[in-house]
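The opening residue of the sequence shown carries number 85 in the numbering used here; numbering runs sequentially from there.
Accuracy of the hints is not assured; some may be wrong.
[Stated by the list, open to error] In silico BS3-like cross-links for lysine-lysine, where the CA-CA straight-line distance does not exceed 27 Å:
(1) K874 x K834
(2) K133 x K729
(3) K928 x K834
(4) K928 x K863
(5) K729 x K753
(6) K874 x K917
(7) K312 x K928
(8) K729 x K863
(9) K624 x K753
(10) K753 x K874
(11) K863 x K834
(12) K834 x K917
(13) K133 x K257
(14) K863 x K257
(15) K729 x K624
Hints in this document: simulated from the structure, not taken from any laboratory.
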Amino acid sequence: MNCKTSKLRDAIALALVITMGGTGVAFAQEQQDETTTLDRINVTGSRIKRSEIEGPNPVTVISRAEIESAGEISISDFLRNNVYNSFGSTRESSGSATGSQATINLRGLGSEYTLVLLDGRRMTTSAALDGGAANINLIPTAAVERIEILREGAGAIYGSDAIGGVVNVILRKDYEGLTLSAGYESPTGPGPDGNTASITGGFSSERGNVTFVLDHQEREMMYNRDIKNLVTGAGIPWAYSAFNSSAGFFSTTTGLVSVANCDQYENSVRTGPNNCGFDHGATSANESSLSRDSLLINGNYQITDNTSFYFRGIASDTSSLGVYASAPVDTFPTIAADNPYNPFGIDGTLYYRFTPLGTRDSIRKDSYRDYSFGLQGSNDWFGGSDWQIGAGHGRVTQSSVNYNYGIGSILQDVIDAGEYNPFDPTHPSVTAAAPLVAHTVYVESAQRTVSVDGNISFDLFDIGDRPVGFVTGFEYRDDRLSQVYDAQSAAGNVFGSAGAGAGGERAYYAAYFETLIPLLDNLNVTLAGRYDSYNDVGSKFSPRVSLEFRPIEELLVRGSWGKGFRAPTLVDMYGSSSTTNLNSPPLASAGLPGGDQLACTALQAVRTATGNAAYQPYPVDPCATNGQYQWLVSSNPFLEPEESKNWGVGVVWSPSESLSFAVDYYDVKLENVISTVPRALAFAYGDAGVAGYGVERSASIVAPNGTLLPGVPQEILLPVDNGALQTARGVDVEANYRFETASAGTFATKLAWSHQLEYDFTPIASGIVEQAGTAGFPKDRGQLTLGWSKADVSATLITNYIDGSTDGTPSTTLPSWTTFDAQVSVTLPWNGKVTVGVRNLGNKMPPFNNSLYGFPFYDNTIYNIYGRVPYLRYEQNF
Numbered sequence: 085m086n087c088k089t090s091k092l093r094d095a096i097a098l099a100l101v102i103t104m105g106g107t108g109v110a111f112a113q114e115q116q117d118e119t120t121t122l123d124r125i126n127v128t129g130s131r132i133k134r135s136e137i138e139g140p141n142p143v144t145v146i147s148r149a150e151i152e153s154a155g156e157i158s159i160s161d162f163l164r165n166n167v168y169n170s171f172g173s174t175r176e177s178s179g180s181a182t183g184s185q186a187t188i189n190l191r192g193l194g195s196e197y198t199l200v201l202l203d204g205r206r207m208t209t210s211a212a213l214d215g216g217a218a219n220i221n222l223i224p225t226a227a228v229e230r231i232e233i234l235r236e237g238a239g240a241i242y243g244s245d246a247i248g249g250v251v252n253v254i255l256r257k258d259y260e261g262l263t264l265s266a267g268y269e270s271p272t273g274p275g276p277d278g279n280t281a282s283i284t285g286g287f288s289s290e291r292g293n294v295t296f297v298l299d300h301q302e303r304e305m306m307y308n309r310d311i312k313n314l315v316t317g318a319g320i321p322w323a324y325s326a327f328n329s330s331a332g333f334f335s336t337t338t339g340l341v342s343v344a345n346c347d348q349y350e351n352s353v354r355t356g357p358n359n360c361g362f363d364h365g366a367t368s369a370n371e372s373s374l375s376r377d378s379l380l381i382n383g384n385y386q387i388t389d390n391t392s393f394y395f396r397g398i399a400s401d402t403s404s405l406g407v408y409a410s411a412p413v414d415t416f417p418t419i420a421a422d423n424p425y426n427p428f429g430i431d432g433t434l435y436y437r438f439t440p441l442g443t444r445d446s447i448r449k450d451s452y453r454d455y456s457f458g459l460q461g462s463n464d465w466f467g468g469s470d471w472q473i474g475a476g477h478g479r480v481t482q483s484s485v486n487y488n489y490g491i492g493s494i495l496q497d498v499i500d501a502g503e504y505n506p507f508d509p510t511h512p513s514v515t516a517a518a519p520l521v522a523h524t525v526y527v528e529s530a531q532r533t534v535s536v537d538g539n540i541s542f543d544l545f546d547i548g549d550r551p552v553g554f555v556t557g558f559e560y561r562d563d564r565l566s567q568v569y570d571a572q573s574a575a576g577n578v579f580g581s582a583g584a585g586a587g588g589e590r591a592y593y594a595a596y597f598e599t600l601i602p603l604l605d606n607l608n609v610t611l612a613g614r615y616d617s618y619n620d621v622g623s624k625f626s627p628r629v630s631l632e633f634r635p636i637e638e639l640l641v642r643g644s645w646g647k648g649f650r651a652p653t654l655v656d657m658y659g660s661s662s663t664t665n666l667n668s669p670p671l672a673s674a675g676l677p678g679g680d681q682l683a684c685t686a687l688q689a690v691r692t693a694t695g696n697a698a699y700q701p702y703p704v705d706p707c708a709t710n711g712q713y714q715w716l717v718s719s720n721p722f723l724e725p726e727e728s729k730n731w732g733v734g735v736v737w738s739p740s741e742s743l744s745f746a747v748d749y750y751d752v753k754l755e756n757v758i759s760t761v762p763r764a765l766a767f768a769y770g771d772a773g774v775a776g777y778g779v780e781r782s783a784s785i786v787a788p789n790g791t792l793l794p795g796v797p798q799e800i801l802l803p804v805d806n807g808a809l810q811t812a813r814g815v816d817v818e819a820n821y822r823f824e825t826a827s828a829g830t831f832a833t834k835l836a837w838s839h840q841l842e843y844d845f846t847p848i849a850s851g852i853v854e855q856a857g858t859a860g861f862p863k864d865r866g867q868l869t870l871g872w873s874k875a876d877v878s879a880t881l882i883t884n885y886i887d888g889s890t891d892g893t894p895s896t897t898l899p900s901w902t903t904f905d906a907q908v909s910v911t912l913p914w915n916g917k918v919t920v921g922v923r924n925l926g927n928k929m930p931p932f933n934n935s936l937y938g939f940p941f942y943d944n945t946i947y948n949i950y951g952r953v954p955y956l957r958y959e960q961n962f
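Build out the structure end to end from the sequences listed, making use of the hints.
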């Protein structure tokens with residue numbers, strides 16, 4: 085259809101397609117006529133096609149050229165650095181159950197509140213993430229055409245759980261030709277080397293097109309020992325574990341002590357006159373390796389003039405290796421006074437690390453198979469309509485093999501029989517018993533989704549000469565999740581592992597509508613609603629209303645309001661209890677200092693009474709907040725859905741075709757949130773005997789003055805429940821400016837800034853916690869991109885900024901973090917292109933802090949520790 089262009093729309097369209105490699109120049113040259121032919125298109129956040137690119141929803145569009153100019157090796161790395169990923173998101177950490185996974189977490193609400201779409205259809209979630217979020221490591225980087233980020237909830241449009249926002253990854257299609265690409269990066273700091281390679285091709289006929297992409301990505305493992313000098317150079321002592329290869333001996337009279345020669349063994353370090361600790365950082369990896377191979381096939385065929393068939397298939401496989409220190413025996417074996425290997429002559433408990441088998445090595449293989457197909461077309465129903473109907477099948481699996489764990493009961497048996505010396509890791513009895521104790525943990529996880537959907541759109545009637553657009557549709561989804569552990573792990577018999585399992589099925593039905601009502605020439609109102617029904621947790625209607633007002637040609641005023649809800653995951657409801665090792669951070673709102681408050685208070689009293697300020701009989705200092713304890717997290721079959729309300733307003737101003745400026749305010753409120761109480765509160769509840777909570781402690785410790793101190797906490801209950809409240813309010817600023825010169829080339833700038841006004845969390849049965857600006861919750865994230873291009877050369881400089889944050893003391897303050905990325909590309913005469921770049925030009929290291937973080941003392945979800953990363957990429961087009 086022919087539509088009169090406006091300065092606002094043209095400027096915004098120009099900003100959206102600006103690239104640093106010259107594509108924007110070509111676009112600008114095409115803007116010659118006052119009238120341009122524009123097809124009505126779908127923009128993320130609405131199912132109604134419209135001519136205006138910018139509408140009532142704040143959508144950030146990221147072109148393929150922008151992705152390439154960032155120089156990141158994967159889509160997950162690129163999105164992690166996005167300013168709307170407010171407080172970071174999961175990455176492939178070694179020693180973690182999510183060691184091969186990566187997520188996106190808009191507004192910091194949680195990755196389970198960010199809906200990830202592929203070409204407008206939801207990506208199958210990962211069972212390794214409890215079915216609550218998508219593993220974006222499975223998205224093939226070379227297959228991505230652009231990314232559209234809807235920065236507000238869209239429950240009425242895409243599903244009730246699209247609460248924090250939507251990331252719509254648009255995959256390549258309608259491509260003709262052949263492109264080969266290869267890249268390599270090698271950090272000068274501790275970061276791992278990586279490489280990429282891809283083949284993109286496509287061919288067309290008069291009636292259709294087939295596009296294919298083969299994509300490979302690989303990144304090596306990074307060891308903790310490679311960052312030791314950085315940590316200690318920041319003034320933070322290197323950490324040693326109480327679980328040592330030469331067992332620590334604990335009794336109620338001795339406290340935790342070691343044998344005299346404990347420091348003669350490998351990685352066993354003396355930490356005090358009577359104690360040794362294990363240097364677990366000497367053998368463990370910080371981040372897992374990751375290798376991915378992917379294939380995308382995207383096709384369409386025009387069956388008739390009015391009907392076409394489409395098909396998309398994705399096959400993506402990743403493999404990762406994570407290495408963690410030898411398994412700690414967290415079943416706490418005991419040793420009798422008369423045991424021939426007991427040098428202390430009294431009964432005691434062992435803090436022991438099972439080193440004869442070596443490190444715990446986890447090999448994870450993830451696969452993603454996604455097939456969707458359908459028909460779309462137009463006919464003369466209702467005076468002319470567009471329709472589509474489709475079906476899809478997605479399956480995400482993970483096979484995890486975890487070597488060098490052990491069975492606690494077998495180890496206890498050989499100790500009781502006097503056939504094992506836990507105090508000497510080189511003793512022949514240790515070597516002999518190792519094969520008997522050893523156990524390999526197997527975990528098979530799968531999430532399968534089958535879906536059918538369809539919609540039809542048409543104009544209801546006219547208001548003046550303006551049509552009232554309308555779309556209605558349905559969606560059906562059948563989800564099945566399974567997490568299966570080997571029998572010994574599921575029974576809780578394996579030390580050094582948090583074995584559990586889960587499984588369940590869920591049927592989902594939805595019907596929705598959306599209508600755009602042009603009340604005036606310059607005022608549109610969009611009404612939408614969606615009815616979601618789950619067969620296990622009930623149904624709810626999610627309404628939405630949005631407005632767009634153009635008082636003058638250059639100015640758009642917009643706003644929206646909507647509701648949503650999120651059903652608990654199948655793991656939340658039906659998963660087996662699982663153990664995890666975490667610290668107990670302070671909770672200022674409840675007056676809880678963190679750590680083991682009960683033991684800390686008693687210990688401080690003994691220190692005062694005896695005058696011995698150094699007395700510390702516990703394996704973990706109960707007055708510190710970075711020591712880790714074992715928590716038992718349990719599911720809850722009686723959970724209810726969470727509910728949300730969100731609204732926002734914004735303005736977009738475009739005084740010329742070269743400049744656009746947008747400011748948007750957002751407000752999100754989540755009620756009945758599924759969570760656990762803060763760990764410090766769970767600790768206090770457990771010691772106070774609150775129903776549903778508990779702390780399992782060893783026998784009381786006898787202090788030198790005869791005082792009985794609380795025993796060592798060996799397991800703390802941490803159940804999930806409804807009842808928490810989360811709010812988030814903030815302002816986003818985006819600006820684009822572009823100008824051309826006759827001799828110096830074309831310059832383009834892009835600014836994206838997100839500011840948190842409020843980020844409050846009210847835990848279950850607790851007071852409000854104001855988190856915006858507190859340590860780990862930066863109020864501001866920004867990115868400024870400066871681009872230049874002339875003829876066959878282009879250059880980009882990107883500034884990334886993360887605000888500082890603090891809990892009010894020097895020891896709990898994180899400084900701001902600013903890094904610079906630079907890239908230069910040259911297009912060669914034979915259709916090749918060479919790109920050279922450096923990420924983190926200044927070799928900036930993340931802020932380290934041992935008051936806020938346990939080992940390795942920085943937050944790898946928001947910062948990385950790779951240092952300066954030079955890279956090289958070559959592309960050849962045929």
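### Message
What's the verdict on K133 and K257, does the C-alpha distance respect the 27 Å limit or exceed it?
### Response
Holds, at roughly 19 Å.
#### Entry: Given hint K624 paired with K729 - CA-CA distance at most 27 Å
holds (13 Å)
### Query
Has the given pair, K928 with K863, been kept, meaning a C-alpha gap of at most 27 Å?
At roughly 20 Å apart (the allowed maximum being 27 Å), K863 and K928 satisfy the hint.
### Query
Are K133 and K729 close enough, with their CA atoms no more than 27 Å apart?
holds (26 Å)
### Query
When you check the alpha-carbon spacing of K753 and K874, does it fall within 27 Å?
violated (47 Å)
### Query
Holds or violated: are the alpha carbons of K928 and K834 at most 27 Å from each other?
Measuring from Cα to Cα gives roughly 23 Å; hence the hint holds.
### Message
Check whether the Cα positions of K624 and K753 lie no farther apart than 27 Å.
### Response
Holds. K624 to K753 sits at ~17 Å (cutoff 27 Å).
#### Entry: 27 Å Cα cutoff - pair K863, K834
Given pair K863, K834 holds - Cα atoms ~20 Å apart, limit 27 Å.
#### Entry: Hinted pair K874 and K917, Cα distance within 27 Å
At roughly 14 Å apart (the allowed maximum being 27 Å), K917 and K874 satisfy the hint.
### 27 Å Cα cutoff - pair K729, K753
holds (5 Å)
#### Entry: Given hint K834 paired with K874 - CA-CA distance at most 27 Å
holds (18 Å)
### Query
Does K928 lie within 27 Å of K312 when you go C-alpha to C-alpha?
holds (16 Å)
Hint check: violations occur at hints 10, 14; the rest are consistent with the structure.
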